[in-house]
Amino acid sequence: MDLSTTYLGLSLAHPFMPGASPLVDDLDTVRRLEDAGASAIVMRSIFEEQVSLAHARTLHDLEAHTDSYAEATSFFPKPSEYRLAPDAYLEQLRRIRAAVSVPVIASLNGVTPTGWLEYAKLIEQAGAHALELNVYHVATDPEEPGTLVEKRTLDILASVRASVTIPIAVKLSPFYSSLSSFAAELESSGAAGLVVFNRFYQPDIDIEHLEVAHDLHLSDSSELLLRLRWLAILSAKRKLDLAVSGGVHTPTDAVKALMAGATTVQMVSALLRHGPNYLKVVLDGVRHWLVEHEYESLAQLRGSMNLARSPNPAAFERGNYMKLLQSWRA
Amino acid sequence: MPDAIVRTLDGNQAVTSVAYRLSEVIAIYPITPSSSMGEESDELASKGTLNLWGMVPTVVEMQSEGGAAGAVHGALSAGALATTFTASQGLLLMIPNMYKIAGELTPFCMHVSARTLATHALSIFGDHSDVMACRQTGFAMLCSNSVQEAHDMAAIASASTLRARVPFLHFFDGFRTSHEVSKISMLPDEVLRGLVDETAIAGHRARSLSPDHPVLRGSAANPDSFFQAREACNGFYAGCPAIVAETMARFAELTGRRYGLVDYEGHPEADRVIVLMGSGAEVTQELVEHANARGEKLGVLKVRLYRPFPAAELVAALPRTVKAIAVLDRTKEPGAVGEPLYQDVRTALSEAVEEGALASMPRMIGGRYGLSSKEFTAAMVRAVYDELAKAPELGGAGAKRRFTVGIVDDVTHLSLSVDPRFEVEPDDVVRCVFYGLGADGTVGANKSSIKIIGEETDRYVQGYFVYDSKKSGAITISHLRFGPRPIRSSYLVKSASFVAVHQWGFFDRYDVLELAREGATLLVSSPHTPEETWNALPRAIQEEVLHKKIQVYTIDANAVARAAGMGSRINTIMQTCFFALSGIFEREEAIGYIKRSIEKTYRLKGAEVVQKNFAVVDAALSHLHRVPTPGLTSERTTPPVVSPKAPDFVQRVTAAMLAGKGDALPVSAFPVDGTWPTGTAKWEKRAIADSIPTWDEKVCIQCNKCAMVCPHAAVRVKVYDQAQLEGRPETFKSMAYKGTEWKGSAYTVQVAPEDCTGCGLCVEVCPGKDKANPRHKSLEMVPMRPLVAGERVNLDFFLNLPEAPRAKVKLDLKESQFFEPLFEYSGACSGCGETPYIKLVTQLFGDRTIIANATGCSSIYGGNLPTTPYTTNRDGRGPAWGNSLFEDNAEFGLGIRLGVDQQAKEARELVRVLAGSLPEALVTEILASTARDEATVAAQRERVVALRAALGAATDPRARRLDILADYLVPKAVWIVGGDGWAYDIGYGGLDHVLASGANVNILVLDTEVYSNTGGQQSKATPLGAAAKFAARGKATPKKDLALLALTYGNVYVARVAFGAKDAQTVNALLEAESFDGPSIVIAYSHCIAHGYDLVHGLSQQKKAVETGYWPLFRFDPRRTDEGESALKLDSPAPKGKLVDHLRAESRFRAIELEDPDRFQHLASEAQAHVITQYALYESLAHAMTPAPKTPDAAPPASTKA
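Protein chains in written order, with our numbering: chain E, 3 to 332; chain L, 12 to 1213.
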């Protein structure tokens, strides 16, 4: 069965790849992912804010107590010896490029317009095949209307688009008032693909110590449902590529995502839980399912259950909510 | 002659530049003020800098100076070229090897930044007492007087030793030369090549120990041969001075700079000459030139080669007209006929007279100056020449044969009087003084300014920096000079044309205009507008400004820095203003230089940092304003240095030292033996915190953790009778005690507002949260100023409340805080992770404790003058504290134990002997009382009072002896305290021996995992992966497991604690350690500024350290075995979570990740594996140590066997 596909203009052997995560910080894991058949490597996001904070923090920490006391005018080896990030990220990108033969997609979360641009250029120079713009933003400012949130993302996309030649995908959260319209605008501003969706770190509450807890929860298959809906809606109208991210844990999940219209499938939690080789398990499972169900090609499957083609499109819209409620009452 | 490369650097850098290039093996051990030479060598090596022969030298940090000396001795024996850097006690530790190296005629040059030896007190500052203790070792000694000379002599000494085969000790004044920043001509490699004799190096290699041409060196000789063989080296010593002279001549050919074995400067027909060595020779020459230009006939003879002493050259260099000579020694030899240089010169001259080389003996007097970097100024030199003028040979009534200069000796009247107004510096030397805080970057900015001026103009420059004795909120004073000629003024600026005060609060604490000359410019960083700035100054300052016609400028540098996101770093802002006002450059030119310097410093740290600094440079000048000085407007007086309630000694002595006027105190003001009163820190109200904690009793849960964690004992808790609240100050807070133990009592948390350093640890640890608004805690940091007056009164009331009766206090974490801390308001860093342990020891046992303290951070914040943080309770009891050395602390503590025990034994014996004349019950009870709990101790104290009463005025000599020794009937605790540098490295041999001794001592190791006091060099306690000096790429080996080593003895109590992770375990460990009748060691995790993060997170880092298994907690108590339990009890669960997350929070680890992510990953995964293995090892040990159930017939009595 030929599962080859094209994502962000890159020819891939199949749609399955690791999503942006710390998995690929370790070169050994990267190689194991390639061995497991990953069709591309998505690097974890570099957060501009984190980089500049780490810069400032480290600089401050190393210098804080210099020239204060006669016996010790410094406490660390001279800081001039340190190369501070984003070098480390770019270096890792170069290493991954050298270590694997599949395409490498970098991921970037900027804060300032200059930061987005500067880092995007550096990432392109370091050899990334494509760039994921990770719009990781929790809108908490009451002064900032939704239109502005969207406009800022569109502006950034346009300016990054103008300054680099590699294809760009935008990774979104589900929290937009009109995702369909926003996706259309992103497409016309030059996005070659969308990644749905970002999973924000979800703070918990420690009821004993009255503190906010920061544990990282891995996803499970239930999180796929939200994505299926939006893949189905978006893939019906948009030409750009769609990557599903979040909730794919089994071959069945993957088949569903592809049926809803995903171009590619990104996995993180499943790989963290089961190890890099699990990618092959899902890939083989999907291939097996397709053969068993006598599908001729991936194209036949892809989008078959989206808003345009599914037997009951209303189910993806408000109707399914009403139906569920009615069935519950019954 | 090659073109000179000019650089602006300090004396240590100047020496290292040469020593590094001429060495193959460098073995060092950190000691102030030489540490930076070793560090610089390590940095050069880690950057791959090549020596003269195209190789990167091997740089190794040893466990002590003794170790470093042994290592260089070995390297030399193997035929390598080796060097080391040291000072003071470190040099003393090298002496045994120095005899060996010299006895074996080994070419070797070591470099010593001469520093005071510890006598009645330790001093990190400079004099020649250390090098003078080496004059008998057989080393040649060559002295440098300035930064340029230190650079040059390093080369001359290194080259001379190769030919002479006599090893060289090259020395220069600690701090005054080692830390002075100056502009010098650098010696290029070709000059060094021209100096170094390759044939001599080949000879050295040929003499090496090698199996290819084997020899034996280091034999044991007998009376038949030792003496003759010892004399066999004489020729080498006889030939040495000529070799040095030849090397100096060759040096002059190569560089144009000419030196002699001794150099005479001054009038060719001088009648008075001063002979001396070191930086003092420079100021003497400055005075000589000034005086001779005004018609006097003075001379100075600088001795450069001190050993072998060049007697003939010295005599030849003296003008034949000289009638009186003063020899100045920067050392003291109590009981000697005279100080060493004086004796050498006198011997040389008298022999010259006997041999006819000199017609007659001039009048000779000898004086001491400059001990411990005491200032030596032109006025003092003037006083010496004036004293010489009193010689009968010059028509005077008689000069003092022995004298001191630079102090007022009102006891033995040896000191010369000095005219404080006398000055010789010409107007074309620009002199500037800057008052800053350690934290605001003032010194760094001034170093940058000197570099700019030194390297962008043809002016000569000098920078010297004076630091505070405190580690938190410390003031720095920068003294800068710029002039058209080489600067010989090796003393602080005495009158400045530019004064900058970078912190507004200094106007109330220091006489900042004391050094301002008439018409000077004053630059102030002020929170006020220009007009308000004038009105806000104290009246005395206004008077001085008007009187001296000072022009005042102001900028709100903190506001500019804050706006630019630079925090409290106001350095570049003030630097920009300095250049704008000083007129050294055109403004635009200056800004260009500053920006270039910023770019150079910060370019590797990202464009953003550079841009931020650029932005403040651009912003600075628009915020700089002239302050109008319309006339006296202020009525404000500066507050007294200490409260009028302070004891007499504090008023007379401590207060003067606190005000920076200690130099003016006469000899009579001081104790004769270095013994100081404790409890004086409380009189210094530093008020350095911007914000302090405030207590909301409504949400307090009375856990007492705030008091436990406070590093400065500035947060206290008390439980007391409600009735005591009568007459309480208006804002004094109190609440009913919640527990049953002290039911009905009142409870208060009180802050000492002017002693708090604002670290915030108390707020971090506070679990008391407002349920409706958990962001609000019982303790919160609020601005200090509005609260200070009220809290001062509240504190006073609080301190006067009675203490909880000790015998009633439960020995747990919470109630331990009701014990009064007898260690308070130390000079430790804000947020220090060591002091809470010490404070806790004083709370639990302080009234019967003797502390032996190893040199290091804890001896500095514990015993660095002017104030003393150890204090007493209301009965006048408290810790007695002593510091012997760095390396011998365990032995020192053991000796204290032995001394105490012996006297206790004698006291008990006397009680027995005198039992017949004493009440029977009293005798029985005294002798039966051996427990050390509070109630027993209190009862025994009462018995001692009764015993003394019973002894009355008995005249029996045994009764009198018992009266003297009776206090020893009350148990005394001995605590041996020190850091990891001591316990893991330099003092380990002694510590190990003391552990093995079985003696009842308690050892507290404050483990910061690095040499903190000397500036972050790795120790064997440094963990795998941490960046430290000498481990710049992250330490590649794991931390030594001192606890594990100690517990292998089996009869030693061992604990690993971390108060931030499990405070109750810490309390239990200290209690168990003290109650254990044998050696105890408690290894205490201490967060530290050298870990590279804001110490407000110290407690959470400790928690993470324990959780991740980085710092497992345990207690090993041999007593548990008797109860059928394992002696080893793990107090923390198996490692949880990723170690790397803990490591990343600290810059010491993060720096490695930023520099080399692969290496970081490698080290982090090794460290992760290590913590898991380590915990498993402890677990298996704990299991293995569980005693098997006793079987009654395992060892039947022998008789039953038959």
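Think of the hints as simulated: they come from the structure by calculation, not from any bench. Fair warning: this is a prediction, and the values are worked out from it, not measured in the lab. Mixed in with the good hints, there may be bad ones.
Below are the EDC-like pairs computed for lysine to aspartate or glutamate, each with C-alpha atoms no more than 20 Å apart in a straight line [unchecked claim]:
#1 L:Lys744 <-> L:Glu814
#2 L:Lys782 <-> E:Asp89
#3 L:Lys1147 <-> E:Asp217
Going through the hints against the structure:
no., hint, in the structure
1, L:Lys744 <-> L:Glu814, "holds, 17 Å"
2, L:Lys782 <-> E:Asp89, "violated, 45 Å"
3, L:Lys1147 <-> E:Asp217, "holds, 14 Å"
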